[in-house]
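Chemist: Please model the entire structure based on the sequences and the hints provided.
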Amino acid sequence: MTTRISRNDLAARIAADIPEGAVVNLGIGAPTLVANFLPEGEEILLHTENGLLGMGPAPEAGAVDPDLINAGKQAVTALPGAAYFHHADSFAMMRGGHLDVCVLGAFQVSQNGDLANWSTGEPGAIPAVGGAMDLAIGAKDVYVMTDLLTKSGEPKLVETCAYPLTGVGCVSRVYTDHAIFDVTPDGFVVRELFGDNTVASLEAALGLSLTPKD
Amino acid sequence: MTTRISRNDLAARIAADIPEGAVVNLGIGAPTLVANFLPEGEEILLHTENGLLGMGPAPEAGAVDPDLINAGKQAVTALPGAAYFHHADSFAMMRGGHLDVCVLGAFQVSQNGDLANWSTGEPGAIPAVGGAMDLAIGAKDVYVMTDLLTKSGEPKLVETCAYPLTGVGCVSRVYTDHAIFDVTPDGFVVRELFGDNTVASLEAALGLSLTPKD
Amino acid sequence: MIDKQVADAAAAVAGIPDGATVMIGGFGRAGQPVELIDALIASGARELTIVNNNAGNGDTGLAALLAAGQVRKIVCSFPRQADSWVFDGLYRAGEIELELVPQGNLAERIRAAGAGIGAFFSPTGVGTLLAEGKEEREIDGRRYVLEYPIRADFALISAYRADRWGNLVYRETARNFGPIMATAATTTIVQVDEVVGLGHLDPEAVVTPGIFVDRVVAVGERPWLRDGVFVGGVDLEGSPLAASAEEAS
Amino acid sequence: MIDKQVADAAAAVAGIPDGATVMIGGFGRAGQPVELIDALIASGARELTIVNNNAGNGDTGLAALLAAGQVRKIVCSFPRQADSWVFDGLYRAGEIELELVPQGNLAERIRAAGAGIGAFFSPTGVGTLLAEGKEEREIDGRRYVLEYPIRADFALISAYRADRWGNLVYRETARNFGPIMATAATTTIVQVDEVVGLGHLDPEAVVTPGIFVDRVVAVGERPWLRDGVFVGGVDLEGSPLAASAEEAS
Numbered sequence: 001m002t003t004r005i006s007r008n009d010l011a012a013r014i015a016a017d018i019p020e021g022a023v024v025n026l027g028i029g030a031p032t033l034v035a036n037f038l039p040e041g042e043e044i045l046l047h048t049e050n051g052l053l054g055m056g057p058a059p060e061a062g063a064v065d066p067d068l069i070n071a072g073k074q075a076v077t078a079l080p081g082a083a084y085f086h087h088a089d090s091f092a093m094m095r096g097g098h099l100d101v102c103v104l105g106a107f108q109v110s111q112n113g114d115l116a117n118w119s120t121g122e123p124g125a126i127p128a129v130g131g132a133m134d135l136a137i138g139a140k141d142v143y144v145m146t147d148l149l150t151k152s153g154e155p156k157l158v159e160t161c162a163y164p165l166t167g168v169g170c171v172s173r174v175y176t177d178h179a180i181f182d183v184t185p186d187g188f189v190v191r192e193l194f195g196d197n198t199v200a201s202l203e204a205a206l207g208l209s210l211t212p213k214d
Numbered sequence: 001m002t003t004r005i006s007r008n009d010l011a012a013r014i015a016a017d018i019p020e021g022a023v024v025n026l027g028i029g030a031p032t033l034v035a036n037f038l039p040e041g042e043e044i045l046l047h048t049e050n051g052l053l054g055m056g057p058a059p060e061a062g063a064v065d066p067d068l069i070n071a072g073k074q075a076v077t078a079l080p081g082a083a084y085f086h087h088a089d090s091f092a093m094m095r096g097g098h099l100d101v102c103v104l105g106a107f108q109v110s111q112n113g114d115l116a117n118w119s120t121g122e123p124g125a126i127p128a129v130g131g132a133m134d135l136a137i138g139a140k141d142v143y144v145m146t147d148l149l150t151k152s153g154e155p156k157l158v159e160t161c162a163y164p165l166t167g168v169g170c171v172s173r174v175y176t177d178h179a180i181f182d183v184t185p186d187g188f189v190v191r192e193l194f195g196d197n198t199v200a201s202l203e204a205a206l207g208l209s210l211t212p213k214d
Numbered sequence: 001m002i003d004k005q006v007a008d009a010a011a012a013v014a015g016i017p018d019g020a021t022v023m024i025g026g027f028g029r030a031g032q033p034v035e036l037i038d039a040l041i042a043s044g045a046r047e048l049t050i051v052n053n054n055a056g057n058g059d060t061g062l063a064a065l066l067a068a069g070q071v072r073k074i075v076c077s078f079p080r081q082a083d084s085w086v087f088d089g090l091y092r093a094g095e096i097e098l099e100l101v102p103q104g105n106l107a108e109r110i111r112a113a114g115a116g117i118g119a120f121f122s123p124t125g126v127g128t129l130l131a132e133g134k135e136e137r138e139i140d141g142r143r144y145v146l147e148y149p150i151r152a153d154f155a156l157i158s159a160y161r162a163d164r165w166g167n168l169v170y171r172e173t174a175r176n177f178g179p180i181m182a183t184a185a186t187t188t189i190v191q192v193d194e195v196v197g198l199g200h201l202d203p204e205a206v207v208t209p210g211i212f213v214d215r216v217v218a219v220g221e222r223p224w225l226r227d228g229v230f231v232g233g234v235d236l237e238g239s240p241l242a243a244s245a246e247e248a249s
Numbered sequence: 001m002i003d004k005q006v007a008d009a010a011a012a013v014a015g016i017p018d019g020a021t022v023m024i025g026g027f028g029r030a031g032q033p034v035e036l037i038d039a040l041i042a043s044g045a046r047e048l049t050i051v052n053n054n055a056g057n058g059d060t061g062l063a064a065l066l067a068a069g070q071v072r073k074i075v076c077s078f079p080r081q082a083d084s085w086v087f088d089g090l091y092r093a094g095e096i097e098l099e100l101v102p103q104g105n106l107a108e109r110i111r112a113a114g115a116g117i118g119a120f121f122s123p124t125g126v127g128t129l130l131a132e133g134k135e136e137r138e139i140d141g142r143r144y145v146l147e148y149p150i151r152a153d154f155a156l157i158s159a160y161r162a163d164r165w166g167n168l169v170y171r172e173t174a175r176n177f178g179p180i181m182a183t184a185a186t187t188t189i190v191q192v193d194e195v196v197g198l199g200h201l202d203p204e205a206v207v208t209p210g211i212f213v214d215r216v217v218a219v220g221e222r223p224w225l226r227d228g229v230f231v232g233g234v235d236l237e238g239s240p241l242a243a244s245a246e247e248a249s
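Protein chains in written order, with this note's numbering: chain A, 1 to 214; chain B, 1 to 214; chain C, 1 to 249; chain D, 1 to 249.
Just so you know, the hints here were simulated from the structure itself, not pulled from any lab data.
The structure displayed is predicted, hence computed values, not measured ones.
Each hint should be verified, as a subset may be incorrect.
To give an idea of the chain D side of the interface with chain B (calculated C-beta under 8 Å), a few residues [stated by the list, open to error]:
#: 1; residue: W85
#: 2; residue: G114
#: 3; residue: A115
#: 4; residue: D163
#: 5; residue: W165
#: 6; residue: P203
#: 7; residue: E204
#: 8; residue: P209
Okay, the calculated bits of chain A under chain C, using three or more residues with CB under 8 Å as the criterion [stated by the list, open to error]:
#: 9; region: 18–28
#: 10; region: 45–55
#: 11; region: 80–87
#: 12; region: 92–101
Backbone N, C-alpha and C define an ideal beta-carbon position, used for all residues, glycine too.
Modeler: Here is the structure:
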């Protein structure tokens, strides 16, 4: 029985949902994989909150420019048509609702769209939030890319987040290795099932009541 | 008996008080005359709130560029070292207290530094404020350039402004055709007398108690 | 391929309905998107609320839109000018509503709309008629009034050059309100002298990134730029040159 | 003549007292004013409050300032990174205070200080731990928290080129916090690769007008720019290249 797709397949699945012309911010970590699967020949603009719209792929190893990095501090390139701006302008772009999509990782997503992805609340851990809270409330659509379950088998889609929140009611869709869920006023709606998953099997795994797509 | 200096002499007197390196905004009308008397060979930067720092003099008549104007919508030039910016950045520069001096006209100035210069409050008049309120509260020093009396002989330095205010407690100095006044916690201090004026003659003209300079 | 160019000014302003709030760029004549305004006049849209720094100069551009009776209300800082006779007449006749806003608050409120700021405390206007009825607060010993964002359905602005992604550069003080209005409208429509190839604008010098732009129309280089010398429009004081003088030249 | 150039980095940071609040530009290593930070370390100023996006990387720059024990408190958005071991150690030992601010609120609060805004309502952080104790308000159906300006006594930033009036241009994403920090400090100190003649910077492309800049020091072109190819510093993941690898090349 197949119940999970690979992280690359999931990235490709997310990329397929991003229309040409969209302006997209891909969060640090797994979401950056989405860039590898954006359709060739289509123009989708990548925004990085440290001040660049029109971000290109990683440079050749011999052509790294330390002044040109993404939010994860990795070396990147700029496409023809790119524009640079300062941090206040960059976050105004996000906060003002001008980005079409951002893709973020998550520790937990609640059925009303709350996102927890910046802190596990462990005592002694050093807190760091970066641009996560701004991204969470900024884009027109906030997509979460995550495994359905933690490594120890705990659901990451929950009734109420136990971890400290990143944003309230901000997530529009959750792409997991088992299925895709829309966040709606009625809670999680199963948009697409991968492999042999069923709504019933997901309800059992999550301990949540799910709504099948019409 | 000489009690008044000319408007050009007053403009020259104001110009003499502006130190090299200052960033200055000259309001519409008489204050623009000050630019003609800034010392040759010294660098004083003129700001115009419609988006230019490093404004130069008027162009030759045959070289007017309609894209390059000052706040009074007159044709100007830009000096080497100039910079253009948009309106939000330009007024941030003012509101944030980065300008050293602005020179404004006035209907009335009160002894606590209130300025009235945008409306006479006449019924039926079309109101217009422009950048006056922003300039009034923005510069480190707000200088007023005005006649001491209206054409009909009414004092323009008053105990309390009768006209609608432009800004509260914002004026630091008043340059008039009769004398120069500092606005202090003790009211108007006579900084400099022109011609045959005395503190007593000014007190009589204004109906105000004035403080001589130490 | 992303290509925000449209064929002409009429196509650029298509879909602006009666009752829309429309920001129009420009400070006086500098940066005024005259071709877009002419197309808006031709479109016949009525009952508009216009946001601009002024209320029209002479008989062209914004003044012509007012004269056509298409504007219900104007939000601006400085309506009264030597050549604002169209507005003056409408205002005195009670045929147009005026909301007067200090220029810096106007600019910052437009920026706030584009930047997702819910409201902000401004020191400008405190203690004046224009702050009456507004929430006031003292912060760190200074008085402020609470100002709210100004949003629009459409922005019509003028820039110098664009590329097909909608990246914009401006020219001199014609920049003025264009960059902030572009961020504050649901649909931003731009006229430019020229559309250049993607990558031809210096990414360090782009003032408005294309994310803020929906439609671009090239209206051709202005004659006084093409010829390298200014030959019409305004005199040194900013007043319109007499038509006869232009015709005689 | 206005000439904001100073002779060297030591002169640039002169007068920064113990207990000062100092903004330091940069996002990670990009735009970090390393020469100015080294001079600040050499100056011996202590009990500093530092405002930066991060809390130092590796053992150089901001991390070295922390390691020298000169920092009492840091205001930042993202202290914890793969190479933030200096901060991590100080924090765990209780030897440094941390104020964590979401990155966009950090940027907007710095801008607000420079722009004379008393406070602003931001939607970022609403309902989270980082908004606890802050004033909240619903405006037009959306929740916001009230955020206050962040000011500094000094800003140390890095730009690409300057002129003697202090006009600045930046390079790529090294721009980041420089332009806003320059507006928010009483004294703004800038290191640049190069000072060019007045009029050599395009007035349309100046990012920081000289009004915001107090002192400029040229530190020379970075080798990887001069040689046209990058030969050291960080790898593709942003990690520092091993010193041995650099020496071996």
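Chemist: Each hint should be assessed against the structure and marked as holding or not.
Modeler: Results for each hint:
A hinted interface residue such as W85(D) counts as satisfied when its beta carbon comes closer than 8 Å to some beta carbon of chain B; here the least separation is about 37 Å, so the hint is violated. Checking G114(D) against chain B: minimum C-beta separation of about 5 Å stays under 8 Å; hint holds. Below 8 Å, beta-carbon pairs count as interface contacts, and A115(D) has one with chain B at about 4 Å; its hint therefore holds. Using the Cβ-Cβ criterion of 8 Å, the hint placing D163(D) at the interface with chain B is satisfied: the shortest such distance is roughly 6 Å.
For W165(D), the interface hint holds, the least distance from its beta-carbon to any beta-carbon of chain B being 5 Å, beneath 8 Å. The interface hint given for P203(D) holds, since its Cβ lies 4 Å from the closest Cβ of chain B, which is under the 8 Å cut-off. At its closest, the beta carbon of E204(D) sits 6 Å from a beta carbon of chain B; the interface hint therefore holds under the 8 Å criterion. Taking 8 Å as the C-beta contact cut-off toward chain B, the hint placing P209(D) at the interface holds, the least distance being around 4 Å.
Evaluation of the coverage hint for the region 18–28 of chain A: fulfilled, as 3 residues show C-beta separations to chain C shorter than 8 Å, against a requirement of three. As drawn, the region 45–55 of chain A meets chain C at 4 residues by the rule of a beta-carbon pair under 8 Å; at three or more, the given contact holds. With 6 residues having a beta carbon nearer than 8 Å to a beta carbon of chain C, the region 80–87 of chain A meets the requirement of three or more and the stated coverage holds. Proximity of the region 92–101 of chain A to chain C, defined as three or more residues with a beta carbon under 8 Å from a beta carbon of that chain, is established by the 8 residues found.
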